[in-house]
Each structure stands twice: as structure tokens, then as C-alpha cells.
Amino acid sequence: MNTKPNLQEISVLILEDDLSSVSSFQKDLKSFGAHVYPVRTMQDTVGLLSQEHVRIIIAAIRFVDEQFIAMIRDYKSQYPDSFFYVLTEPEYNEIEATSETVKQYVDDYLKKPLDSMRFAHMVETNVGRPSSTGTSLTVADPLVRKVKPYFIFRSSVMRSALRNLPVIAASGQTVLITGETGTGKEIVARSIHVLSPRASHPFIAVNCSAIPESLIEAELFGHEKGAFTGAARMRKGKFETANYGTLFLDEIGDMPLNLQTRLLRVLEEGEMYRVGGETSTPIDVRVIAASHQDLKKSVEDGLFRQDLYYRLNILRIHLPPLRERIEDISLLAVHFLERAFGEMGWDEPHPSLSSETIYVLERYPWKGNIRELRNIMTRVATMLPRDTNKIFPFHILPYLEDAEQIRDHPVPAEKGDGIHIPAGMKLKDVEALLIREALRITDGNRTQAAKLLGISLRTLRRKLNT
Numbered sequence: 000m001n002t003k004p005n006l007q008e009i010s011v012l013i014l015e016d017d018l019s020s021v022s023s024f025q026k027d028l029k030s031f032g033a034h035v036y037p038v039r040t041m042q043d044t045v046g047l048l049s050q051e052h053v054r055i056i057i058a059a060i061r062f063v064d065e066q067f068i069a070m071i072r073d074y075k076s077q078y079p080d081s082f083f084y085v086l087t088e089p090e091y092n093e094i095e096a097t098s099e100t101v102k103q104y105v106d107d108y109l110k111k112p113l114d115s116m117r118f119a120h121m122v123e124t125n126v127g128r129p130s131s132t133g134t135s136l137t138v139a140d141p142l143v144r145k146v147k148p149y150f151i152f153r154s155s156v157m158r159s160a161l162r163n164l165p166v167i168a169a170s171g172q173t174v175l176i177t178g179e180t181g182t183g184k185e186i187v188a189r190s191i192h193v194l195s196p197r198a199s200h201p202f203i204a205v206n207c208s209a210i211p212e213s214l215i216e217a218e219l220f221g222h223e224k225g226a227f228t229g230a231a232r233m234r235k236g237k238f239e240t241a242n243y244g245t246l247f248l249d250e251i252g253d254m255p256l257n258l259q260t261r262l263l264r265v266l267e268e269g270e271m272y273r274v275g276g277e278t279s280t281p282i283d284v285r286v287i288a289a290s291h292q293d294l295k296k297s298v299e300d301g302l303f304r305q306d307l308y309y310r311l312n313i314l315r316i317h318l319p320p321l322r323e324r325i326e327d328i329s330l331l332a333v334h335f336l337e338r339a340f341g342e343m344g345w346d347e348p349h350p351s352l353s354s355e356t357i358y359v360l361e362r363y364p365w366k367g368n369i370r371e372l373r374n375i376m377t378r379v380a381t382m383l384p385r386d387t388n389k390i391f392p393f394h395i396l397p398y399l400e401d402a403e404q405i406r407d408h409p410v411p412a413e414k415g416d417g418i419h420i421p422a423g424m425k426l427k428d429v430e431a432l433l434i435r436e437a438l439r440i441t442d443g444n445r446t447q448a449a450k451l452l453g454i455s456l457r458t459l460r461r462k463l464n465t
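Note that numbering that gives the first Met the number 0 numbers the sequence shown so that position 65 is 64, with each residue one more than the last.
These are computed hints drawn from the structure, not numbers from a lab. All values derive from a computational prediction rather than experimental measurement. Do not rely on the hints blindly, as some may be mistaken.
[Unchecked claim] Simulated pairs of lysine-lysine, BS3-like, Cα-Cα distance not exceeding 30 Å:
#1 110 with 29
#2 389 with 29
#3 296 with 75
#4 111 with 3
#5 366 with 296
#6 295 with 237
#7 111 with 295
[Said to hold, decoys possible] Pairwise CB distance ranges (calculated):
#8 201 with 405: 41 to 47 Å
#9 315 with 228: 38 to 44 Å
#10 39 with 80: 51 to 57 Å
#11 272 with 173: 48 to 54 Å
#12 211 with 450: 16 to 22 Å
Cβ coordinates follow ideal geometry from the N, Cα and C atoms, glycine included.
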């Protein structure tokens, strides 16, 4: 079982006057099958490119001036399948000083120290070669296809969270959706409604935390004429407006206790009274509630009725935070960008995200979850110069409020069922499987992978080369 990237027949030119700083990187690329050409000067680069068809060109940023870019432009016009990467110091500050002309011909910016495994996988993706990581951008799961118009994902953790969504939608029972703010609870509620037999009837959303306590009762149940000062006419509430459809009660944990009692009675009896009314009104409404709070703890603290909690919690969906949905981040980022570009009237093709930009996005904590990602991508699209053809990290970083919290350490793997080792698998193949999984979890960092496996880095290198 081959755990290494496949760079066979791919040539890489590295322009760096301090070649010792990239010596380990060169060795790794060679071990992956690449032809590596280290050069120290612009003159050597021009000489080599005149003799060899090099697929990948990497140049330290100090060499990249207008003359160098003119050479790259001519080379790319001759070999459109080539890629050009600029090698920078750990901070991106120096990139912003480069001209827009330079940026137009750069495929990506690589930060030191170079991660050979990550770079190799990026090359595999860019040249259209199947990656040894087995990651695919293709969404083929039937559930994903069914809810895609309303909810976009490809991660196993989201597939697990929503695996029962069609059954839940068809059931007609009350649903409690939990998760952090910004995880998409209302979108899930809307998808339940659209997939349900009530889809042709209204979907009404109410944010219980956004309505003053003095008004929320009349907002939900309506009022009769003269029920209170200012009630000049009868008015239907959200329950009646949503009749035969779905009523979504967001942030149900903020509902006052006295109103919780009335809500429970309505759910149990299927009828309600308007404020100031003496005659009951029958209703047929499906209620979906949502909260970012721990309602069970709220029950223990006396802030939420226990009987209402159990009445709402018949069916439950818990949405994971975006930081646990690593595979979904780039998918959602592209979706929000495309939507923003479309709303702004940008002509296609729209600017794309570079691999390094995706790397940054996947390591950002996203405390505001999907809502924060959507807002950031909209902001980036709005402020992006019209002649931009690729979005690099320096386009994104100014808008990330917690940019200093971007993780340099490996992103934790998604929670799953672990590694499946079929009965009868040979010990050598089991060992290769464990090594590949350790490298996946540590994002190709061999030192971290060796620690995870409990072996030395030297032993890991030897096993990878056998």
C-alpha cells in the first residue's frame, strides 16, 4: 500500500539563493517521484527553462520583479499547464507590496517552512491527478443531493447529524434543533418544512430573544380588538398565520416561563386563545424549536419548564460547529463567494480561492460559524479589485478578527468510527494503513505523525521509503 503522494514525471524548479533552507523539501519531493531542479539565480532559471519543460516553478519572493514576471508570462503562454508559486517568509506582509501584475500570474504563495506533504497533495490536485488522500470534491451521497438546495455539506460529521432528516421531515413530530449560534439551525428547520407534507403551507420563523417580553404573547397568539391599549382591531398571531404549516421558534430558551406554560398547553391541546379572547381557535401547526443554550441545564436551573423540554425534544438534531466540519469550509466559502459575485454582477469566471487561502480558512476558529464565514466571504467579494483572478491569504486576513488564532498545528480529524481493519489483512498492510491515517490526522506533518505512532521520525521515514 503506497502512502506517499504521486509526483512521478512532474518536474519542479526551485529558485532560492539559500538552497540549504529548502534541502529537506527537495529530498521529500524527490522521494515522491518528482524531478527537482534547484537554482540560485535568475540567469540559471532562464537557462534551465529554455532547455527543460518544467511543470512547477517555485521562486523566493525577492527574485519576483517585473522582469521575472514577464518571463513567467511568456513561459505560461508557451506551457499553459505550468504552475508558478512564490516562496515567502512566515508572514504575508511582503506579499501585499508586490504589484497587481505580479499577482495575476502567481498560482499561490507558499510560506516557510515548506510542508512537503501538503505541497505534494496540492500539486496532485492542481495537475488533476487523483490524490493519495482519497479526498474528493464530488458530492454523491443521496441525502446530500436531497437537501443541497437548502443545506450544503460533504463532511461525514454533517452527514451523521442529518442522516435522519428525511424521516424526521415526514414524521410531523415536534423537533428540537441545537447547536452554536450561526450553525444554520433555521436553514435546517426550513429544509425539514420543505421536505415535509406541509411544504405547500406557510413556514413562519420567530426569534424569541428578539421580541420584548411584553409583546411576545400577542405576537405568537394574536389578540382580540380592545384586548389592551392600542389594540384597535383583531390581529392573528404567528400560530394562526402558520396554520397547516410549520412554526419555527428560534432561541426557545429565552421564552419567558409564563409563556412556556401557555405554549405547552397549545402543543398538547391543539387549540389556542388570542390575547383577550374567550373562544378557542383550533390550530394544526408543526412546531420546530431551536436553541444555542443547553436546555437541559436550563431546566435544572429553573429557567425552562421540564415538561415543555420533553414535549419539544421528541426528535432532536444537533448541528456541529463549523470548526468540526473542516471538509465543508472551502465548499461553503466558494458558495458564498459565488453568490456575492453574482449579486454584484461580476462576469464569469469569478476569482477562485488559492490552496493556501483554503489552508488558512480551514485553520481559523470560526466562532461565529457559518454566519461568520458568509459575512467574511461577502466582505472579501465586495472589496476585491475587479482585475483579481485568484484570492490569496492577504485578501482574507484583514477581515478575520481572530487571525492570530489561526492554528499552525494540525487540524483534528473529524470524529468517526476509527479505522476499519478487515480480518485477514497482512501486518505490513495494517502498518501502512496506520501510517497513512496518522499522516492524514497530522496533515502530513511527519514529526507529529511519528509522535502519534510512538516511533522515531527516522523510523517513520524509513517505513515510508520502503
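* **Hints violated by the structure (numbers, ascending)** => Violated hints: 3, 7, 10, 11, 12; rest satisfied.
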